[in-house]
Structures are given as structure tokens and as C-alpha cells.
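Colleague: Residue numbers (the working numbering), protein chains in the order written: chain A, 1 to 494; chain B, 495 to 986.
Just so you know, these hints were derived from the structure itself, not from any lab. None of these values were measured; they are calculated from a predicted model. By construction, the Cβ of each residue, glycine as well, lies at the ideal position given by its N, Cα and C atoms. Accuracy of the hints is not assured; some may be wrong.
[Unchecked claim] The following label-pair restraints were derived from C-beta to C-beta distances:
(1) A:A152 with B:K593: 53 to 61 Å
(2) A:R88 with B:K593: 51 to 59 Å
(3) B:K847 with A:D283: 48 to 56 Å
(4) B:V794 with A:F301: 39 to 47 Å
(5) A:N33 with B:G790: 57 to 65 Å
(6) A:N33 with B:R764: 38 to 46 Å
(7) A:N33 with B:L882: 58 to 66 Å
(8) A:H151 with B:K847: 22 to 30 Å
(9) A:G46 with B:G834: 56 to 64 Å
(10) A:H148 with B:P595: 51 to 59 Å
(11) A:G255 with B:K847: 28 to 36 Å
(12) A:T262 with B:R764: 53 to 61 Å
[Said to hold, decoys possible] Each computed BS3-like pair below joins lysine-lysine, with the alpha-carbon atoms no more than 30 Å apart:
(13) B:K593 with A:K145
(14) A:K145 with B:K878
(15) B:K759 with A:K94
(16) A:K6 with A:K94
(17) A:K94 with B:K756
[Stated by the list, open to error] Here chain A is said to cover these stretches of chain B; the calculated rule only asks that three of the stretch's residues, wherever they fall, bring their Cβ under 8 Å from a Cβ of chain A:
(18) 584 to 593
(19) 700 to 707
(20) 955 to 966
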Amino acid sequence: MNAPVKPSNLIKGATGDWEMVIGIEVHAQVTSNAKLFSGASTAFGGNPNSHVSFVDAAMPGMLPVINGECVRQAVRTGLGLNARINLRSVFDRKNYFYPDLPQGYQISQYQSPIVGEGEVVVDLADGTSFTVGIERLHLEQDAGKSLHDQHADMSAIDLNRSGVALMEIVSKPDLRSSEQAKAYVTKLRTILRYLGTCDGDMEKGNLRADVNVSVRRPGEPFGTRCEIKNVNSIRFIGQAIEHEARRQIGILEDGDSIDQETRLFDPDKGETRAMRSKEEAHDYRYFPDPDLLPLEFSQSFVEALRADLPELPDQKKARFIADLGLTPYDAAVLVSEHECANFYESVLGGLADARRDGKVAANWVINELFGRLNKEGLSIAASPVSASQLAAIIDLIGEGTISGKIAKDLFEIVWTEGGDPRVLVDERGMKQVTDMGAIEKLVADIVDANPDKVAQVRAKPQMIGWFVGQVMKASGGKVNPQAVNDLLKTKLGL
Amino acid sequence: MTNLTSLTLAEARDGLARKSFTSLELADAHLAAMERARVLNAYVLETPERAREMARQADERIAKGEGGPLNGLPLGVKDLFATEGTRTTACSRILDDFKPPYESTVTSQLFTRDGAVMLGKLNNDEFAMGSSNETSCFGPVVNPWRRQGSDVKLVPGGSSGGSASAVAAGLCLGATATDTGGSIRQPAAFTGTVGLKPTYGRCSRWGIVAFASSLDQAGPITRTVRDAAILMRSMAGHDPRDTTSVDRAVPDYEAAVGKSVKGMKIGLPREYRLEGMPAEIEKLWSQGAEWLKAAGAELVEVSLPHTKYALPAYYIVAPAEASSNLARYDGVRYGARAGGSNIVEMYENTRAKGFGAEVRRRIMIGTYVLSAGYYDAYYLRAQKVRTLIKKDFEDCYDAGVDAILTPATPSAAFGIGQKVGGNPIEMYLNDIFTVTANMAGLPGIAVPAGKDSQGLPLGLQLIGRPFDEETLISLGEVIELAAGRFTPEVWW
């Protein structure tokens, strides 16, 4: 996509404006019980080399057998990215030597990936959105791990991860700022989590990105790019891009040229450094893996998976806007995390009138709940206030039982003490107090109408009982006597 | 009692059924013969205890009226097949004393499912790369055949030289072998034995040390066509662990023995009439054609126009796959490791010391043809040639040809050391008649058909339609009946 240059995306250099061009390869670990070509478990955190089959260890004569679930996950993901699904794809061998690569080659897909071109719509914080083209998605094996801290002069190898399925999702060079890049990866991660095809856990390395960055003068052809390998947090993606773009601009403005190379991001120093140059690049000697037949499936296989897809964030957002009248911003916030959207929908499910109160519920979820969770550093899963409790609070507001202000007090009680909001409202007499203005008016009316009694009560405070009785009478017994008592005391200066 | 080591597999089977002898007696007779024949270097590992234990169990099954189709029959196993707990080396130093914790599908069918007895592991060219069994780290295998009046030691062919030599010399009733470019059929032809390479996908490759995955197939070497049919039935079958194996019922191949070949159309490909081919090979070929004609088959000249490209294309595809398949031998997880001050040095030392010269040569060729800038010119073009070769055969079969008859090899067995150190191409030419079947994935059988002027056996090859091993068995038996059996004189 060559969208018009957005001035706000440009970087001011010493010699004029520059534009970044960014493309991202995301490696997403496929959610599956078994590895891509072996029956070994994919569980994280086992003892070293406890999830290794003979295939994963590349024992002589062992052969890969494709795991059907990984194929289904890749197709689901492709569908979630609005991408073309290739009914025939080919597994290739990518040959290189490394101790944590037991076969001496990685089984990947080179010329014929399982998923072709697609697109992702990305929302920015300012409410605008843009589209990122997907070049392809292919399946490949993850490598094992080299452990260099186990022995004085030897390295140890853990093959638990060896052979776990990865999806490499390659974007087109459509991104023009670090903000866009971060928003894209965030959105991609959200889609994968909705689909249940990757848990998106970047801390465990289950989602990592190779970021290709180049710079150019606006309107000019692409410059020479550098690839920053294995960036494992969204924040680091932004930092790495910012640093790398400025590094390249510095070089170009000095009249030098960019060397195409692979770089690493150092989060401690916040900078990228050269890993290997183009000349040192491996010759991977790709060729079709003769142990595996081409991967073929039918359109009906794809359609069955399509029919089973969950509602994805974009669809959900559109539905929230259309059905509940949410603002695009609120809808975007709610769908940005699958768990958040699920929580919100549970709240909706608990409401007496979701259509009426959906918008109020959105405000409560976003402002009160998310705000409080953020403040306390809690995840939605750890929320002390459940969806049904929150729904009850919103119902109480909606039906006029309590005011929004009292609802906040009630929320606080539920947050800290728990309990059924309706019961709490009754027990703590919060129900009656809701219409404080009306009660105040009742009190004021009685006081104003009885100046003689006011004089008496000031002399003899026990007389307040008479006032309470009058207010109770006037309200039809629907006000809380204690609250009335309190109000009267204030009003009468007792 | 008859000499138990000169029985055919079928005769031994029937003898066991009649209780003329026991499985243990059969095993002992073979173990003794193996001991006497160590000069042939056919076995790289004899497993007498295991053999006797298996034989005893087989005898117990016989006593109970149980037992699979190969119950109690002693076989040899090419050292390319993983045998659980028993050293498996592919005859390469790099595997050292590797004892697999698993059993190949083919051998588990033979031994666990069908009751055969394993005598030991048979010599082969290192990683099955060779046509003379001289590249083995255990040294060359000696052919039990010698030229008349000569004691020059001859090669048994390769890469399944140990299998062929052992079968010819009566050191087992039959042997497993593998064929990537002729490694079953060429040694069978050199030793007067029968070698059947089935259709690609007929046997599971699981647990067989890989040479070139798209070409490798397991098959039997035996003394008769019937024996080949018997073993084939036990070796074949679909295996979910090898996705290139084909899910197709395994026929009773033995039923094809003696089946009439009347009316079958036999193709004689004109491109196999090589310039400078020895007259006796030419004569043998014509003789074979006459025998088939006499049995009622119809002979037709056919054309396989891309034959001449098969060998060069094979020597691109096979090394390319091998260069990748052999990358796993890095000294990290199993086998031999030569130290070094860093990982790259360790790799280099391990692989330089662990692999022999021919394996290193093929790894380098394979690495080269897959390299950026050369891939299209070599690997991709070779794959296109392969498609054309396949189509040549398809055209023939579409025209009604049932099988194709060719010589198995361009010559009889040659002397050990005779072709070593020379131009490797000369060695590669041994496979000229056999590689086409691998390139096209077709079944091929080599059947002994005569002798050369010096008294050495010569073989003919039949190439069939995909999964039509039965026709090859029927036709092969016609040649066998006409040519008679070939047994070397014992000199060892």
C-alpha cells in the first residue's frame, strides 16, 4: 500500500524530511498440543529435553508427519487475516548448521506457503485506522535452545522447543511509523488470540517479530533495509524502529549508504547493532522436503473451518457500534483484548436491558473497571468485581434504584468486600439514599414549614424524632430514617 | 539331513512346517556358515545370541501351531535398517556404535510381526553411496563368485553388497536391502541372486537411514524369485509414520509365481542399447527376450528417449537430498564426535573424520547443486528431467506395455580396488540401467540370466508399472526357470 505521505509520520532530519518504511515478519507459535511434525508435547516449561521425540532429535531414519491441527490453525489464521488460502502448499528444507537445529535443516515453506495475500485493519489511538497488507503466512518448525550458562566451557542444548509449529506472518512494507508498527503487531496479536491460534505471549517468546526498516525521502523509491531480528515486546519494536530509522538517516545524511544487514536490538541500551552482513548471510539451499508430500486439502475443508471461526475483533467492534451505539473509540478499546471483550459481553449478558444500558456498561467497564484494574496492576482475569456483579450495579442505575454517584460507592464496596450488589444496597440502606436531592427537599420543606418546632428542637435535641416522623410520613416511608436523621442534624445545626 | 544353508526361503519354510528341522537348527547352520565365511566380510555384526533366542521363540510358536508367514526363517539385515538395541551404523564411522532405541518398520514387520530370525547386520557402502561396497568403513565385501581359474577377489556390487554376498554364499535365506539408484538390483546381478526394488512408497522408509529420500526404497535380495515374492509381502505396507508410503493393500506376491505371462507385452527400449556394450550383455538381453517370447509374451521395441539424461540427473538429485539428509550427523546428539575449540571446528572435525571420501564427495556435490545461483541450473533442471523420464515410461505403459526388459548392469562383477581412485564417473556408470526406475519411482527386478565368458553371473532387469510387482515376479520366474539357478562354488 502506498498511501499518501502523512506529514505527521515524517522525521525531520538535518537535510529535510524522511519517511520510514517498515515491514514486519511475526513468528507466532501455533497453539497445538503436539509439535508440527512429531507427537511430542508443546507444553512450556518442562525439564530440558523432556518433550523430545526421535523425530525432534533427528535420529537416523526418522521421518516427519504433519500435524493436522497445526494445518487447521494456519488456515484459521489465514481466514482471520482475510487472506487467500492455498489448497496446495509445499514444505521446503532450509539448510544450516546450528546445535539447536538437530536435523541440520528447518522444515519451512518457501515458494508455496499455505496462506497467501491478506490484510489487517489497524486502529490508532487517534481513532483513525489504516490497512496493512499481508504478504503470506507459512508454517515452519521452531528450533531448540542453546544454553550457554550451564557449564564452564560447553553449551547445553534443550530440544523441548525443537519442532514446535510456528506461523511466520509476513506483512507488506506498508508501515510508516513506529506507532503504526506497534499498532499493527498489537492488532495481529489480538486477532490470533481471538482465533485461539497463538496465545501471543511475548514474554515466553510465543510471539516475536523481525522488523525490516528502511528510510527514504517522501515519494522516493524504497531505500536499503536492515532487518532487526527477534524483537520480543511491542514496546521494543517501537524503540528498535525509532533507533534504527535515526541511525539510517544519520548515515544517509552523512553522505554514506546503508549496508543491507541483519541487526539485533539491545533493550538495555535501546539501540540496534550489526549481527551479520549480506555477505555473511547464509545460503539456505532451500529445496522441497522429499520426506513430505505437498500439503493438499479441499475448499470444503477450508469452508468448514471458516464456518467455525469465532467473531473477530473488527466484526465485534462493528456490532458494538451498530447495536449498542458505542463510540468507535470505546468499541475499539473493548475489542482490543479478547478477555476484555468477553468480560464486556458477560456484563451485557447479565443486564436486564442490554440494549438500553450497553453504552453505560461500556463506560463502566472501560472507565471504572479497566481504570481500577490498571491502577492496581491486575489483569481482567483477576478482577475482584465479576461481570455479573457489575451488571447488577448497572441494572440498579438503569432502573433508578441508585444514582451513578452511589453506584461508585457500591462498586467500591463490591471491589473491596465482594457481595451481591442488590443485597448490599438493601442491607446498607443505599437504595433510599439514592435520591438524596428529593430527601433534602423533603427535609427542607418540613423544616421551613415548622419554624416553631425548629426553635424547640434547638432547645431540646430529642425533639428531632418529630421531624423524622414528619419526613417519613411525607415520603411514604421510602426514605432511610437514619439518612433523614443525619440530614436533619446538619440542616438544624444539631 | 539336507544342507540347511542351501535351501531356498520357501523350502526352509516348508521344511519347518513339516518339522523336518527346527528354527534353531536353521539358525545354527547359518551362524556356522557365517563364521566360516568371514573372509567375505558380508556381516558387519553377527548377532548369534539374538538369533538363537528368536529361533527358540519361533520353535515354541511352531510347537503351538502358531507363527507368522516367516516364522523361524533366518534373515540378514542391511546395516541401514535401524534395529532396536543392536548397533546400526550405515557402515559409517560417524555413527560409531550407535544403538537405536527403535526398530525400523520393515524389520519390525519381518521379525516382530511375521516371526523371522535376525542373524546379524550386513555390510553396505557407507550410507548406501557406492556401487561396489568398497566405501564401507568396515572394508569391502568380497563376492563369493570368482572368475574361472582366478582367485582375484571381486566386488559384489553395491550398495547392498553384504546382502547380495550373504544370500549368494548361503549366509542367510534372504536379506533386506535398499535401492536408491540400483543398490538392490546391481549387486543381485553381480552375485547371481534375485533383487526386487518395489515401487516408491510400497515399503515404509521409517527407521531406515536416509540417503536420498525421494529415491530410497527397501526391498529383498533372495536366491529365487519366489523367495523375493515371499519377503516382499512381509516388507511392504503402508506406514502412517512415513507419509510417502502408500496406503494400498499388499497382495500375495507369491501367488504371482508361476502365473502365465501369455499375451503380456514386453518393451525392449532401444536407448538401453549402449554404444560399446559388451556383446555378451547384448546376447543375454536377446536370450531373455526369447525366453519371455517362448512363454507367450509379445516383444515390442519401445523408446524411452530421455534415458541418457537419467544418470546425470540422478547424480544431482541424489547428492542434493543426501547433503541435507546427512546434515544431522554433527556429533551433537549421537555417534562419533571429534572435538574442536568451538562449535564450527567440532562440526568440521567430526564430519571430516566421520565421513568417508565418497560420502564427502556427494555432500559437496549436493551442497553445490542446491546453492544460490546454481539451483535452477542443476537441481531444478534435474527435477524436470525426472518428470520427463517418468513420462517416457508412462507413455510406454499407456501404449499397452506390461513391463520393460533391460540388462541389469553393463558388465559382470569387477575386481576389488579395480575402479577405486579412478574417475568416479566410471563407478557411477554401473547404475546406468537401474537409476531410471528410481527416478520414475517404478518397481524393478534383477534376475540372474546367464554367465559371462569368465563364468561370472549376469542379470536381466524387468521394470514394471507402478505397484505392479506381481507382473515382474511372474516374468522374472520365467527367466529363472529358463536360465536356471546360479550358485557359487565354495572356496572360502
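Colleague: Run every hint past the structure and note whether it holds.
Modeller: Hint-by-hint comparison with the structure:
1. A:A152 with B:K593: 53 to 61 Å: Since the Cβ atoms of A152 of chain A and K593 of chain B sit about 30 Å apart, the hinted range of 53 to 61 Å is violated.
2. A:R88 with B:K593: 51 to 59 Å: 41 Å, violated
3. B:K847 with A:D283: 48 to 56 Å: About 25 Å separates the Cβ atoms of K847 of chain B and D283 of chain A, which means 48 to 56 Å is violated.
4. B:V794 with A:F301: 39 to 47 Å: For V794 of chain B and F301 of chain A the Cβ distance comes to about 45 Å; the hint holds.
5. A:N33 with B:G790: 57 to 65 Å: 59 Å, holds
6. A:N33 with B:R764: 38 to 46 Å: 57 Å, violated
7. A:N33 with B:L882: 58 to 66 Å: 44 Å, violated
8. A:H151 with B:K847: 22 to 30 Å: Taking Cβ atoms as reference, H151 of chain A and K847 of chain B lie about 24 Å apart, which means the hint holds.
9. A:G46 with B:G834: 56 to 64 Å: 31 Å, violated
10. A:H148 with B:P595: 51 to 59 Å: 28 Å, violated
11. A:G255 with B:K847: 28 to 36 Å: Since G255 of chain A and K847 of chain B have Cβ atoms about 51 Å apart, the given range 28 to 36 Å is violated.
12. A:T262 with B:R764: 53 to 61 Å: For R764 of chain B against T262 of chain A, whose Cβ atoms are near 55 Å apart, the range 53 to 61 Å holds.
13. B:K593 with A:K145: Holds, because 25 Å separates the two Cα atoms, which is no more than 30 Å.
14. A:K145 with B:K878: 39 Å, violated
15. B:K759 with A:K94: Not satisfied, since the Cα-Cα distance of roughly 45 Å exceeds 30 Å.
16. A:K6 with A:K94: Violated - the C-alpha atoms of K94 of chain A and K6 of chain A are around 39 Å apart, more than 30 Å.
17. A:K94 with B:K756: 51 Å, violated
18. 584 to 593: Answer holds; 3 residues pass the 8 Å Cβ test.
19. 700 to 707: Check passed, 7 qualifying residues.
20. 955 to 966: Violated: only 0 residues of the region 955 to 966 of chain B have a Cβ under 8 Å from chain A.
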